[in-house]
Amino acid sequence: MKKTAQRDLFPGALEMMILRILKRQPLHGYALLQQIKRTSRDLLQIEEGSLYPVLQRLLKAELVKAEWSVSSTNRRVRIYKLTAAGARHLEREVSSFEGMLEGITRVLAPEES
Amino acid sequence: MNWLKQLLSRRRLRGELSEEIQAHLDQKVEELVGDGMSKEEAMRAARREFGNLGLIEEDSREVWRWPSVEDFLLDIRYGLRGLRHNPVFTTVALLTIAIGIAANAAVFSVVNSVVLKPLGYPKSEELVALHQIAPGAEGLADFERGLLLSPSMYFTYSDHNRTFQSLGVWVAGTANVTGLAEPEQVRTVYVSDGVLQTFGAPPAVGRWFSQDDQVPNGPERAMLSYGYWQRRFGGDRAVIGRNITVDSRPKEIVGVMPPGFRFVDADFDVTTPLAFDRGKVILAGFGYHGIARLKPGATIAEANADLTRMLPIWMDSWSNGPVNNSHIYEQWRITPMIRPLKQEVIGNVGELLWVVMGTIGVVMLIACANVTNLLLVRVETRQQELAVRTALGAGWMRLVRGLLVESVMLGVIGGVAGVGLAYAGVRFLVAIGPSNLPRLNEIAIDARTLAFTFALSVLSGLLFGLIPAVKYARPRAGWALQSLGRTISASRERLRARNLLVVGQVAMALVLLMSAGLMIRTFAALRKVDPGFAEPRHLQVMRISIPDSLIPKAEQVTRTQNAIVDKLAAIQGVESVGFASEMAMEGFDYNWDQIYAEDKVYADNTIPPLRLYKYISPGFLQTAGTRLVAGREMTWSEVYGLQPVVMVSENLARELWGTPSAAIGKRLRENLMMPWHEVVGVIQDVREKAVQDTAPEIIYWPALMKSPWGPKLPSAVRTVTFAIRSERAGTESFLNQVRSAVWSVNSNLPLASVRTMQEVYDKSVARTSFTLVMLGIAGAMALALGIIGIYGVMSYTVSQRKREIGIRLALGAQGGDVLQMVLRQGTKLVLLGVAIGIGAALGLTRLMVNLLFGVTAHDPVTFAAVAVLLVLVALLACYVPARRAMLVDPIVALRYE
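In order, the protein sequence lines correspond to chains A and B.
Residue 14 in this note's numbering sits at position 14 of the first sequence, and the numbers go up by one each step.
Residue 620 in this note's numbering sits at position 507 of the second sequence, and the numbers go up by one each step.
For the record, the hints were derived by calculation from the structure and aren't laboratory data.
Where hints are given, some of them may not hold.
Among chain B residues calculated to face chain A with C-beta under 10 Å, some are [what the hints assert, rightly or not]:
(1) E170
(2) D172
(3) G460
Owing to the predicted nature of the structure, the values given are computational and were not obtained by experimental measurement.
Built from N, CA and C at the ideal position, the CB exists for glycine as well.
Given only the sequences and the hints, what does the whole structure look like? Please build it.
What follows is the structure in structure tokens.
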């Protein structure tokens, strides 16, 4: 562990964030990554390429769907869109994550005297 | 079908993924260049931040993979590569498997076609044979076919039954067809109403017989078999309505039966209606096969009960004439034993075929054991490769699967080759199969055989792959890597599996050789039996029938036959000629009836035992080589003078009067209306039915005699087998002379069943010789495979122990000691195998007891001989490697590593 700030994400975290962002608007891969970086204010260290296996998994599970389109910079890109199943999945994941987070937070909280 | 779409669109997905990633990188580069970076720098940075491009692409694709299928395909590719790289191993293994599978597939196709496949009639599972037995009717009781039906039984069963949709009776025979080309004797089947309806096979052309065709003395009709129609009429549909002359009577052709149609087991050319006269039938006349179609849901037990119920009705409804009590048949204890038609067709061949199938299956097991041995060697040489793969993280399940896929592939490739061989094998089986094998014409390799072969290939692949796979793919990479190149350790453990295989092979080979040995003994015993005729190779037989439409007068029939005898006797090289109503083992139906002896007292209302009746000409005994035990032969003058003379078989003479000579001068008759006939001669017992069946008691009547029934007019036997004793028997020139001799007497007489008595005899023992050949082949294969197995293991052992042997020799052991040591080890295995094999054989040979003759299933001579043979041959197989061990050069052996 060289940099404490750059710890690995736990499994499913990237997936959850992608779904969350796609819920707001359909995006292509690169834009999606920019969005995550911007929103997290670069606190999260994400290997850029790692996005793609996750996107493929989501596609296969039919939580997102993809369409080829042309970007604002006039480039052929694949736009990902949240499906209804994806939205439901996101809700479940977020609520379970919040539960977990709360549990961890409580344990980590300074002891109440 | 989502998964299918995914599977098919995988290639497209790959392209899209690459394009998408490329777009990502391009955008990144663009952005970085926009920030002021140089193009090359930007590209490097983009790559860096993206991560391992190849791995990411791989991971992304992984999502869409079908892991089990793709790994499987990969395993197959590895396996094929492995097999290609070891041509010797692959060839030997494939050959072993292919031959084993071919033998199994061929035998299975016969078993399948004969035993398993339903008969070729519509809803054939409803068809039954109206078989019945009569334990009270002596003479008939041991007759395989039991009691056939009489016409009156047919009428009763047909009128009163509750369990059949339809039923009928039929009988096969021969008839002369004239007016086409040469006169020809054809196979006929006579059918009552209900027979065709029961079979339910629609005619190929025209129509079935109807009830109108069954009117006695009504218009005469005939139907043709498909084959005869093709052969004689070229498949011309216009034959319907034309006439065919059968036994000199024109009959109108009304239809043609479909191709391949047989009456139960009878091939035929022409079939005609029986047209029983209801007003004239009596109780007796038990000469017809009954066939019926059960009502849906009716069981055989119900049908048996139904027949039992109708027997008293039958006895009440008909009689044998005014003097007879119609309930005398109660003492025959007639018992219906209805059988599924398939069983009737197959007879006892099913058992034989299963025995052959079983032995061939064992050969397959031995072959599998050999291939297992080969695989063990191969996997041992691949230990390093396996160890490396394990060290690199391959799970042992994956390794096991890889090895199994490889062995199953061996099995399947071997199976494919085997199917090709099996086609030849089937042809061979059909050729050597008993010509009376039922459903012979149906034997073919069909979908079920192919499925069986495929299953067998995969199964044997798993079987011989399992031991090496489990033994060597276990996770012990460290150990295997350590011992690379060292061959001294753990050899004992490795050898255990191979030793077990050898023991198993020896045991199985012993069982097969044992059964083959028992068949050899059976065959030898059969050859020793005196069948009641001599030198069959020089005995020409042929069948000639004189219909009453051709020669009405009985005496003229006999005179014609006598003239033929004289003409034949004049042919050069003929020693003697005679004729009889049938020769032994010809398989024609016999006459059976009761016989009364003058000096015996018969209780009222009883029927004396039934005896076999034959009619013979003077000179027949001498021609056939059948010995006269006492008295003399009948003479032609007695025949033409209608003298009341008769001859009997030796066993009947002993039964009635104690000794053959005591029989001379005693008198016999068939019924009360017949004059007493004097016994003038006693004839040696003849194995009429088959060599292995006991000789029946026989009455020999003159060829021409006063009819025993009704008005005492002369009555002649019209269908007879001529026997000609000549060294030239069977040659074409001889047969040409025989034909012209017969036709010089009457040119309208066809010759049928022309063969030598040797052929008749061979056909009679065909079942035994077929079994002998099959078990012999199986035994030879087992022996060869077993020897190869033993040799292989012993050679391997020696090569493994080379170092140890070298040390022993260096320390002063003599060559002889080493030889002994290796031999001792081999002997131990072989003896263990022999012991187990004898135990198994004691149990298993009992299954073939019905195929044996003159030898018990536990014949000690066979057992001892086979065991000694096997031990000797096995020791020879051990000796070669043992000798090699003895000649090991200690220096070379020690330098080996």
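These are the hints, each one checked on the structure:
1. E170: It holds, given that the least Cβ distance between B:E170 and chain A is near 8 Å, below 10 Å.
2. D172: holds (4 Å)
3. G460: For B:G460, the interface hint is violated, since the closest Cβ of chain A sits about 62 Å away, which is over 10 Å.
The structure fails to meet hint 3 from the earlier list, while all remaining hints are met.
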